[in-house]
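2 protein chains.
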Amino acid sequence: MAVVLPFESAPEASIESLVRLVQPDMERVNATILSRTGSDVTKIPEVANHLISSGGKRLRPMLVLATAQMCGYQGDAQTKIAAAVEFLHTATLLHDDVVDESELRRGKATARMLWGNEMSVLVGDFLLGQSMRMMVEVGSLRCMEILSTAAAVIAEGEVMQLAAAKNTETTEDAYLAVIRSKTAELFAAAAEFGPVLAGRPKAEEAACRSYGTNLGIAFQLVDDALDYGGRAAELGKNVGDDFREGKITLPVVLAFRRGNDAERAFWRKALEQGEADDAALETAVGLMHKHRAIEDTCERAKHYGAIATDALGLFPASPVKRALADAVAFAISRAH
Amino acid sequence: MAVVLPFESAPEASIESLVRLVQPDMERVNATILSRTGSDVTKIPEVANHLISSGGKRLRPMLVLATAQMCGYQGDAQTKIAAAVEFLHTATLLHDDVVDESELRRGKATARMLWGNEMSVLVGDFLLGQSMRMMVEVGSLRCMEILSTAAAVIAEGEVMQLAAAKNTETTEDAYLAVIRSKTAELFAAAAEFGPVLAGRPKAEEAACRSYGTNLGIAFQLVDDALDYGGRAAELGKNVGDDFREGKITLPVVLAFRRGNDAERAFWRKALEQGEADDAALETAVGLMHKHRAIEDTCERAKHYGAIATDALGLFPASPVKRALADAVAFAISRAH
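Chains Z and A supply the protein sequences, listed in that same order.
Sequential numbering from 1 applies to the first sequence in UniProt numbering.
Sequential numbering from 1 applies to the second sequence in UniProt numbering.
Next comes chain Z alone, as it looks inside the complex (with noise of 0.2 Å):
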């Protein structure tokens, strides 16, 4: 006998249901960001904004109310905790774009470009705390530590990425722990926090940082193989800016382990030593189109989004648990 089982069908490679979902929760999220860059020190909000309201996505916020539902929590307690999380995500970009002296970020000048690297170390300060203050206005000591915990992380990763820069022996593993640290885990804090909230089992808990840990993965992963591949326009920075900052990625790991000696003595010369034009950045995407390093670099993504879709497995079927997996679908299918 055939059983309909509407919500545990294939998933969509779309977060549009997932936005639908969270929609009513994420327009107090907004207000309350917009109500927390506020400070009568001019030039804070100007800057704070104009990182936050550059149409990024919002995933991770997005997180904290998908699982907040998914969860079953009551209370209001996800507006401020998703505000808390898309703040110390801001604040990491503003640093971020300061130490890799980026140019460019979700298809906009830096705010670094415009107001200098101090306003945008500065600022990224304050938003640290901001997150940390609304944060101690929920007064929960677990979700404390579960966001105090990733934003020592994070810039343990991104220091750990920043040893890691130039050097093109970096293996897949070393590779691994860095984006575990500086990217995957706000997507584990962030997917946490619903189970946290609702008083969930251990096991609950767990299985949603599990989802949030591999989906941040995957996008990662992604990301780094549309540096080699995508176009500006759906990157919101330019194609090979990884490339001309000699940042060792998967493709590279990949490209670089498969090449002979040659090829490791190119990559030694644009990476290590700072060569990379245009026309070393064509001798690059044609080696890893030879290794296959941009295909396998989205195939390791596509087995972290399965461990994320998997560790969903232990909630019953809903609309919102079938928007999360549709969220994995789409963070791979950016790769097409």
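Keep in mind that a hint or two might mislead.
Pairs involving identical chains hold if they fit within one copy or between any two copies, as the list cannot separate such chains.
[What the hints assert, rightly or not] Think about it this way: if two alpha-carbon atoms lie no more than 27 Å apart in a straight line, the pair counts; the simulated DSSO-like pairs of lysine-lysine are: (1) 43 / 166; (2) 202 / 321; (3) 269 / 247; (4) 43 / 247.
Since the hints were derived computationally from the structure, they do not count as laboratory data.
Given the coordinates of chain Z, work out where chain A should sit on it, guided by the hints.
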């Protein structure tokens, strides 16, 4: 009839008794600091400890320990709180040095000169995260509120300072607003933890906060004066650094306002247009002496110092109360 009040005699300009009274607690703070700069990520402990172990006076953690003692606190949360305060302070120094492009701090090369701006930004972020984590472990929402508010307010103060930079028409009030946020707020927070931990009445919390605020202002004003008249050794930075960076501090505000048109043209050229070489510094110091700008900055510092000392009035006489008053006298005396 004469009453002997051994602890209410005139304060000595020394922090020796303060250092001695908090010594056993401070050893635990130092051990905590050392263990919490630990990270598996190479470089983080090295960069963090470069500044933390560089012989700062640890005045802020001492305030936590001393006010806890003065208020009769019997627990042990002050250790982690004092360490968290020092971490927040260190994080802001790391970021400040990037913002100000400073080369020297406490007489040593700044972290940014040794490991680069990137590392300074990120290790600062790591320390901010760690300081919040330590507060979470303490588990007092009120204490977390104090620290996270301080973090946001300090960043606001730095942004205000950035906006005021190179603006010779900054008023004394505007300048005071800057140092209230960027310097005095953390002194205030540090001093407030004691009565909060001890569960003392609001009036004592307010008294300690007032002590900290005004000590912090006095401290900063004397620092500002020393920049135009101290020696590199006691300053831990080069004489004239503020001048060369175009920083508007109280000595400049006073000399500018008291000067004639030709002098104001000089100040504008030096600080707004960056013509701040050694000859200009000599002229600047000359104008300051002419207008008693340095002396009056120290007079202002005395005013705030007096408020700080008076704020302690409602506490009964005790060795630690006296040591806190001595610390104010010490802060002021550095100017001579």
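Going down the list of hints, with the structure as the test:
1. In this homomeric assembly, residue 43 and residue 166 come within 27 Å of each other (Cα to Cα) only across copies, at 16 Å, whereas the closest approach inside a single copy is 35 Å.
2. When the C-alpha separation of residue 202 and residue 321 is checked against a cutoff of 27 Å, the pair qualifies only within one copy, where the shortest distance is 18 Å, while the shortest distance between copies is 48 Å.
3. For a Cα distance limit of 27 Å, the shortest separation of residue 269 from residue 247 inside one copy, 13 Å, qualifies, whereas the shortest one across copies, 42 Å, does not.
4. Only between protomers do residue 43 and residue 247 lie at most 27 Å apart by alpha-carbon distance; the minimum there is 18 Å, versus 32 Å within a single protomer.
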